[in-house]
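The listed protein sequences correspond, in order, to chains A and B. When we follow the numbering used here, the leftmost residue of the first sequence carries the number 1, and every step to the right adds one. When we follow the numbering used here, the leftmost residue of the second sequence carries the number 312, and every step to the right adds one.
I should point out that these hints are in silico values taken from the structure, not numbers from a laboratory. The reader is advised that the hints may include incorrect statements.
Pairwise CB distance ranges (calculated) [stated by the list, open to error]:
no., chain 1, residue 1, chain 2, residue 2, range
1, A, Arg270, B, Met615, 33 to 41 Å
2, A, Val293, B, Met615, 42 to 50 Å
3, B, Leu689, A, Pro242, 22 to 30 Å
4, A, Leu197, B, Val634, 37 to 45 Å
Glycine residues also receive a C-beta, built at the ideal position from the N, C-alpha and C atoms.
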Amino acid sequence: MKTNDTSRREFISATLLAGLAITGCSSGKNPFEPDPATIETVKPSGEMIKLLSVDGEVIEVDKAFLKPVPSLPQVSNELARQGIPGKKFVMVIDLSRCKSLKKCQSACNHMHSIHPGQNWIKVYPLHEAEHTAPYWQPTTCMHCDEPPCVKVCPVDATFKRQDGIVLIDSDRCIGCRFCMAACPYSTRVFNWEELNLPKEIADQPYSCETSVPQKKGTVGKCDFCPDMARKGELPHCVSACPNGVFMFGDMNEDVVTNGAETFRFSDLVRDKAGYRLMEDLGTKPSVYYLPPVNRNFPFENNEEKEENKKS
Amino acid sequence: MESLAKEQIIKDLLPQKFGKAGKIWVGILLAFCTLGLVAYILQLKNGLVVTAMRDYVSWGIYISNFVFFVAISLVGSLITAVLRLTQAKWSTPLTRIAEIIAVSAITFASIIIVVDMGRPDRFYNLFLHGRLQSPIVWDVIVITTYFFVSILLLYFPLLPDMAILMKYKDQTGMLWLNKLYAYLGKFWKNTAAQIHISEKAINILSITIIPVAFAIHTVTSWLFATTYRPGWDSTNFGAYFISGAFLVGAGAVVVAMFVFRKAYHLENYIKEEHFDKMGKVLVLLALLYLYFNVNEFLVPAFKMKKSEEEHLMGLFTGEFAAVFWFAISTAMLIPIFILIQKKGRRPLPAFIAGLLVVIGSWFKRYLIVTPTLLHPFLPMHDVPESYKHYFPTWQEWAIAMGSLAGALLIITFFARIFPIIPIQETITEIEEHEQA
Chain A
1 MKTNDTSRRE FISATLLAGL AITGCSSGKN PFEPDPATIE TVKPSGEMIK LLSVDGEVIE
61 VDKAFLKPVP SLPQVSNELA RQGIPGKKFV MVIDLSRCKS LKKCQSACNH MHSIHPGQNW
121 IKVYPLHEAE HTAPYWQPTT CMHCDEPPCV KVCPVDATFK RQDGIVLIDS DRCIGCRFCM
181 AACPYSTRVF NWEELNLPKE IADQPYSCET SVPQKKGTVG KCDFCPDMAR KGELPHCVSA
241 CPNGVFMFGD MNEDVVTNGA ETFRFSDLVR DKAGYRLMED LGTKPSVYYL PPVNRNFPFE
301 NNEEKEENKK S
Chain B
312 MESLAKEQII KDLLPQKFGK AGKIWVGILL AFCTLGLVAY ILQLKNGLVV TAMRDYVSWG
372 IYISNFVFFV AISLVGSLIT AVLRLTQAKW STPLTRIAEI IAVSAITFAS IIIVVDMGRP
432 DRFYNLFLHG RLQSPIVWDV IVITTYFFVS ILLLYFPLLP DMAILMKYKD QTGMLWLNKL
492 YAYLGKFWKN TAAQIHISEK AINILSITII PVAFAIHTVT SWLFATTYRP GWDSTNFGAY
552 FISGAFLVGA GAVVVAMFVF RKAYHLENYI KEEHFDKMGK VLVLLALLYL YFNVNEFLVP
612 AFKMKKSEEE HLMGLFTGEF AAVFWFAIST AMLIPIFILI QKKGRRPLPA FIAGLLVVIG
672 SWFKRYLIVT PTLLHPFLPM HDVPESYKHY FPTWQEWAIA MGSLAGALLI ITFFARIFPI
732 IPIQETITEI EEHEQA
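With the rest of the complex left out, here is chain A (with noise of 0.2 Å):
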């Protein structure tokens, strides 16, 4: 009896750093209420963990009684589709910082969870023409501002929200990939199939703003991390890339930052010349690029000398 009693206080405080931890929940559930199944079920372990509480004191729990933190409650559908106020997203990619180390790739890939062998962002190697100098290009969607997919959406599953950013509403996309069709950036890939998820992970509940856990039959692409901007960080290609290549900032407070560096986007594109992918179409892409000048590396490809060792 007593063991119980003790072990339910533990179980108690444990949730409650667990939902201290939790900043910013808003809305939903009361994330400090236990649930009533586990209080049953979960039996000590008898190992124990040390954590830090509130107080600065160093408390111990039971390992049995951690749980992982429940998901964060998220902005609603309605809110997503609207996007966040008095914003106007934009990113800068520096290509003479750009070495291919695709650390930006790998960081997209996992923390979207995506199918493997399909990229988001594609790092491409550029080559113009016979004379011109060979670069690295690092793609991600453009969220243009005249965007030919949302166009073609026939159901409205794909939209331009206020702050720029273009989404997907995985929720209601039928799969018919007009979409695809229309992007002259090849930017969306497809879930052909269903995607073999950790459990964390696809019982996460989908937002268009997280675009996880990505879904059978329904388009993909690069968001923009709106999650993260509206915790007002950075998304994760920008902090995952060691260079420095990619800015992304607001347009309205015509700042774009890598997370070292800060810029005044009007200087930054007008000094160094900046512009935008295949502008002729009249697309209006919201990513910008800096042109290859000045490299901080030389041009290396090793994916093809990889390719030519196996051949």
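We have chain A; now place chain B onto it with these hints.
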């Protein structure tokens, strides 16, 4: 035909039970349909991963098959409406053949487009969240309209025949068929007033169906032409598609004419004259389509813009060259060569030319869809090797062939249940002819 008595005509044209060949034919078609169904069930279970489509080639033979079906269905409007309104009386025995081809093709166009969807379970979203700015929604609207107008154009001319069918019920066979005839056409008393209303209705429908037919295939071409991709980004596309559609539809009618003529011994009704005239129509349509093809390929090839170059060279001399020249010659050049000669417009050579047109046109649709997708603006990169090619899997072939078999099955069963050549109209025409 004057010598034919009314009784003889009715006897000749009443639907007949399947013979041995008919049963084998139906069996083969059913086998294909079943295989297609099995493949589709696998696709529903595992997702579109069972196809060879991937992120670059995101549309494959399902979509080219869809375009093929929409194209072939346009013939209903050509034979029934255009020839009717221009009072080309010779086309009377062909109207029902053309119309049932139209109805069955448009039915399977709708089915195959659902097969292509990643989430067919969310089809209702098209109605719940449909946005008028998407060409897909335009297609849904015009194809539905075309389907119903075509059904009516099939049904109204059937009404007088239904009365005949009920009168000769002991010869048509099964009891349930008579119940069907009664259900569909019992109200038809063949009075002057009814005939007047029916003719008026058919005239209105004939006029209505022409713009709707143009709309279904123009909108289908816009599914491609509204994108930026080389090979699709063309202002020529609507006319190019429509001319090709009339060609393949007319080819299909010639094939069907030959088969029905042989199977049901209709030599007195579908005469050599019909093959001759349809042969001439085919030549005209093939030349027209050839003209649009020249426009479609010569003009961009003259400029060889960088984005177009890869695509065009792939067709002319590259990986798609064999299919490209096969399609151009079988759909246009060889049929023109055969049918331009008087001997070539006899039933058998015309049938062969028609068959070539249909086969060539199927591959032509494939070439319209796939090669373009393999030549995106940015090079194919950061994808598994299998994403850079496309060759349909057995499931795709099974479903595509199953849908073609299904369309043929509808036509076959229709000819079993209803007279494939309008009985009443044939009689009326002979009577008019005799009076004159």
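Hints, verified against the model:
1. Under the hint 33 to 41 Å, the C-beta atoms of Arg270(A) and Met615(B), about 35 Å apart, fit the expected range.
2. A C-beta distance of roughly 30 Å is found between Val293(A) and Met615(B), which places it outside the suggested range of 42 to 50 Å.
3. Take Leu689(B) and Pro242(A): their Cβ atoms lie about 25 Å apart, and the range 22 to 30 Å holds.
4. Between Leu197(A) and Val634(B) the beta carbons are some 39 Å apart, a value that agrees with the proposed interval 37 to 45 Å.
In terms of the numbered hints stated before, the structure departs from hint 2 and from no other.
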